[in-house]
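Since the structure of chain Z is provided, determine the placement of chains G and W on it from the hints.
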Amino acid sequence: MPALAPRNRPWQYQAVPRWVYVVAAAGALFVLVPLVGMVAKVNWGKFIPLITSPSSLDALLLSLKTASASTALCIIFGVPLALVLARAQFPGQRILRALILLPLVVPPVVGGLALLYTFGREGLVGRSLTVLGIDIAFSTTAVVMAQAFVALPFLVLSLEGTLRTAGQKYEAVAATLGARPSTVLRRITVPLVLPGLLSGAVLSFARSLGEFGATLTFAGSLQGVTRTLPLEIYLQRETDPDAAVALSFLLIAVAVVVVALTYRAPQQPARVPEPTEAAAP
Amino acid sequence: MTRIFRKPAAAAALLLTVSLAACSGGAAGTGTTAAPGSTPGLSGTLTVFAAASLKSTFTDLATIFEKDNPRAKVALSFDGSSTLVSQITQGAPADVFASADQANMAKLSDARLVEGTPAIFATNILTMVVPPDNPAHIKTFADLARPGVKVVVCAAQVPCGAAAKTDEAAAGVVVKPVSEELNVTSVLGKVTSGEADAGLVYVTDAATAGDKVKAIPLKLARPTVNKYPIAAVATSQKQALAKAFLTLVTGPAGRKVLRDAGFGTP
Amino acid sequence: MTLEVDATVAGRRLDISLRVGAAETVAVMGPNGAGKSSVVQLLAGLLRPDAGHATLGGRTLFRTGSPGQWLPPHARGVGLLAQEPLLFPHLSVLDNVAFGPRSQGGSRAAAAAAARHWLGAVDALQLAGRKPGQLSGGQAQRVALARSLATEPELLLLDEPMAALDIDTAPFLRSLLKRVLAGRSAVIVTHHVLDALMLADRIIVMDRGRIVEEGPTAAILAHPRSGFAASLAGLNVLTGSLSGTGVVTPDAGLVAGRLAGAFADGAAGGGVAAVGRAQGLGPSYAAPGPGGADGMAAFPPSAVSVFLAPPQGSPRNCFPVTVTELEPLGDHIRVRAGRLAADISPAATAELRLAPGARVFFVVKAAEVAIYPA
Chain Z
1 MPALAPRNRP WQYQAVPRWV YVVAAAGALF VLVPLVGMVA KVNWGKFIPL ITSPSSLDAL
61 LLSLKTASAS TALCIIFGVP LALVLARAQF PGQRILRALI LLPLVVPPVV GGLALLYTFG
121 REGLVGRSLT VLGIDIAFST TAVVMAQAFV ALPFLVLSLE GTLRTAGQKY EAVAATLGAR
181 PSTVLRRITV PLVLPGLLSG AVLSFARSLG EFGATLTFAG SLQGVTRTLP LEIYLQRETD
241 PDAAVALSFL LIAVAVVVVA LTYRAPQQPA RVPEPTEAAA P
Chain G
1 MTRIFRKPAA AAALLLTVSL AACSGGAAGT GTTAAPGSTP GLSGTLTVFA AASLKSTFTD
61 LATIFEKDNP RAKVALSFDG SSTLVSQITQ GAPADVFASA DQANMAKLSD ARLVEGTPAI
121 FATNILTMVV PPDNPAHIKT FADLARPGVK VVVCAAQVPC GAAAKTDEAA AGVVVKPVSE
181 ELNVTSVLGK VTSGEADAGL VYVTDAATAG DKVKAIPLKL ARPTVNKYPI AAVATSQKQA
241 LAKAFLTLVT GPAGRKVLRD AGFGTP
Chain W
1 MTLEVDATVA GRRLDISLRV GAAETVAVMG PNGAGKSSVV QLLAGLLRPD AGHATLGGRT
61 LFRTGSPGQW LPPHARGVGL LAQEPLLFPH LSVLDNVAFG PRSQGGSRAA AAAAARHWLG
121 AVDALQLAGR KPGQLSGGQA QRVALARSLA TEPELLLLDE PMAALDIDTA PFLRSLLKRV
181 LAGRSAVIVT HHVLDALMLA DRIIVMDRGR IVEEGPTAAI LAHPRSGFAA SLAGLNVLTG
241 SLSGTGVVTP DAGLVAGRLA GAFADGAAGG GVAAVGRAQG LGPSYAAPGP GGADGMAAFP
301 PSAVSVFLAP PQGSPRNCFP VTVTELEPLG DHIRVRAGRL AADISPAATA ELRLAPGARV
361 FFVVKAAEVA IYPA
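Chains as they are written, first to last, in this note's numbering: chain Z, 1 to 281; chain G, 1 to 266; chain W, 1 to 374.
The hints are all genuine.
Derived list of chain G stretches under chain Z, where covered just means 3 residues or more per stretch with a C-beta under 8 Å from a C-beta of chain Z: (1) 143-155; (2) 166-179; (3) 185-191.
Hints were generated in silico from the structure; no laboratory data involved.
The beta-carbon is built from N, C-alpha and C at its ideal position, and this holds for glycine as well.
If we strip away everything but chain Z, and leave its shape as in the complex, we get:
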C-alpha cells in the first residue's frame, strides 16, 4: 500500500525567519548569563563544607520534603480543578478560572498574607481549627500550604491545556463501551493527559522549591521546621555570602535535575507513526 506512505510523513518546511533566531538568542542569554555569573561566584574550595553544614542540609531536606508534599497536594486538587475547568460548563466558570490563576500574578508575599488571614490563629478558618486543637502556623504544614498555594496554578494551567487538546472523542467512545465516568477518567483520560500532568507536576515542584515570600509571611523560619532552602539562602547572605552562593547553586542544580529528568515540552497528541505494514508489497 504505497499510497499510505506520503500521507503519514510530516512536512519539513520550517517558517522561522532568521532574525527570530537572533532575538531568541538574546532572550536565552538574558536568562543564562546571570546563571553563569552566579556559578562564577561559587567558592569551589569551600563548596562541599558549605552545603553540608547542618543548617544547609536541614534546609535542603526540608525543601525536598515540602516541595514533594505540595506537589502531591497540587495533583490531588489540581486534577479535579483542571477537569472541571476544561470539561464542565457552568456559570461563573471564567471567573473561577481567573481566580484560580490569581496566585500566578499576585506577589507571593500577598499570598502569604492571604493564607495568614485565613489559616492563621486569628484567621477566618484558623480560629475554628485552633478550637479543634489544630495549629498550622509555624509548622511544616504551613510551608506545604504556602507552596501549594503558589504552585497550584502551574499544574491546573498545564493540565487544562492538555485536556483541551486531548479531545473528548476517546472518552465518548469509552462511554459507549460501557465504561462509567470514573472508569473513563482512570483508564482513558488520565493516561491520555499523563504527559501534561507530569510536566504540570514538575513545574509545580520547581515552583514549590523556589517558594520564598509566601513561606516567609505565613510559615515563619525555623531550622528544620520551616526554614526552606530559599529562606536559608536569604539568611546566609546576611553573614556569609559564600554560603548563600553555594546554596543558590545547589538549589538551581536540584531544580535543573528535576526538570531535565521529567519535563518535556508540550507535545502534539502522539503522531501516528508510519504503519509498519505499509512497506509490505
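What follows is chains G and W alone, placed relative to chain Z:
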C-alpha cells in the same frame, strides 16, 4: 510558565535600574563647595541609602534638609543594611549610607568605600511586643521561656537576632522560638497578626506599630545597645552635600526627630 | 432488539422519528449537514434531545418531560464505530478490545478471551500485541469494529465507518461489515450508495434535520423521490456472479471491469494467497476471488458513451439498450435505458437524434467499471 511570567518583571526591574541611574547621573556634578550646614548655596540630588528601620525618621529629615536647602533634593533608598552594602559595593550610586549596625558599616569600610570615620547617630534597644490582648499573659522577660508560649525572634544572623541572643544570655532566659525570622518586620508582622504570643523587636519598631502591639520593656540592667553609624560614601561626587546631610542627622534637629521615634541618641 | 426513537434537538434543527427492527440494518444517507451524525450521537447518548423519547428492546434510552429519563451512554448497550478508529493510543490492540468487556465487569481473563474472539472475527488476532500507532488505517478500523462488537451491543451505530479509509482498504471492511451486521440491529451513516446496497435493508434519506424519504433500499433507488436519492440512484449497478475481473450478469452477459481495491492487488499479483498476507486476512476471507461468488459491477453514467452502432475492436463493454427517457441534468442530458443511464452533452444528443424508443449501444471502458464482491 515560570519564564513567561517572570521575564517581564525582570525586564521591568532592569529598566527601572537603568532609568534611576540615568536620573542621578544627570544631576551629578552640580554639587557646590559651600560650607556644611544649611547653606543656601547647596544644590543637586543627594542619594541616601538607609536601613529599613530608618524609613520614617529619614523621610522626615530629608524634608527638613530640602527645606533648609531649597535647591537640593534627597533621593532615599531603604532596605536591609546588608542588602544596601552589597548594592553599594556593586556600584550603586549612593552618596550617604546609614546602617542599622556597625558590622555592615565595617563591611563597607573594608571595601574602602567609607569617607572619613562613620559617626554613631542613634541607638536602639530591644523590647518585648505582644498582641494588644496579650493572650499568653506575658509580664516579664522570663515569661518568654514558659512552655507553650509562641515566641518569634530574629535569626541570629541578622542584627536584631544577635542582640536578642545576647540579651537572653544576660538575663539567663532560655527562649525556644517557634520561628527565627529573617528581619525585624517579619517578627512584628507575626505579632500584629496574632500568630505569635510575643516577639523581640527594637523599641522603634514597637513605636511604629502603634497600638497594634503592646510593648513590654525587658528591664535589663545592661541591655544590648544597637548603634547606628552613618557615613558619606567615598566614591560620591557630592561630598559637600553629603557632609551637610550628616551634619543635619547628627545635629539637634536630627536628634529630635530620632528621639521622637524612640531611638536613643549618643 | 427493536429501536424506536422520536426526538427533536432544537440546537441542531433535528426532528426525527425512526424505527429499526430486530436484526435490521438501516442506512442513513443525505447531503452534508443533514443531521445524520446527530442521529448517531442522539442514540449513543452523546447528544441530549430537547423533546422526545427512545426505547431499545423495551428499555427506555431517554424520555423528556416530567419525570424525564436519561440513560447515560455507558448503560445503553449501544456500540459506536466512527469515521476515525479512535483506538485508545496508550493501550495495546488487545487491551483496546478488552476495554468494553472489562468495563462491563468481566474478569481480566474473560475480557482478554472475549477480545481474542472478536479480534479473530475481524481477522486481526495477529495484531493483538501492537499499539494503535503501529496500525494502518484499515487495520485500525477493523480493530475498532472488534472493540465495538466485543460489548455485544444491542444496537450498533456506524458513522461513516469507511470515509477515512483509502480506496484500497474500504472494500475489505465493507465485506467484513456485511458479515458482522447480519442478524444485528444497526444504523449506518454513509455517503456511499454501495454501502447502502450491500449492507442495508432499508434506507433513510435525511435533509435539513428531517427524514425526507425512507423505504427498502431497492425501492428507494428504483423510484427516488428526493433529489438526493435520485443522485444516489444515478450509479449504474449490475449484479451477477464474479468471473475473473468481471461479473457475469443474467441479462447483460459478462461485464468486464477492474476489481476494486485489495482484491485488485491480489488478482494482479496472480494469487489469492498474496492478498491474504498483505491484508492480514485469514484464508477464508480471500474467497471472493475469480469464479462463482456473488459480485457487483458499478460505473457512473458519465463513463458511458452512446453509439448508434457497436464500436469495433476495442476491449469495451457494450450494452444494446432501448432509450426510455431523456432528462436534462445540469449541463448535460441523462439518457436512461431501463436500469442503465448515460450522461452526454446536449449537442451529442441532438446529433444522435436520441428519443425514447431509440435503439442504441451503451459503451463503457473496462477501466471505468468497478467490480465488487457482494
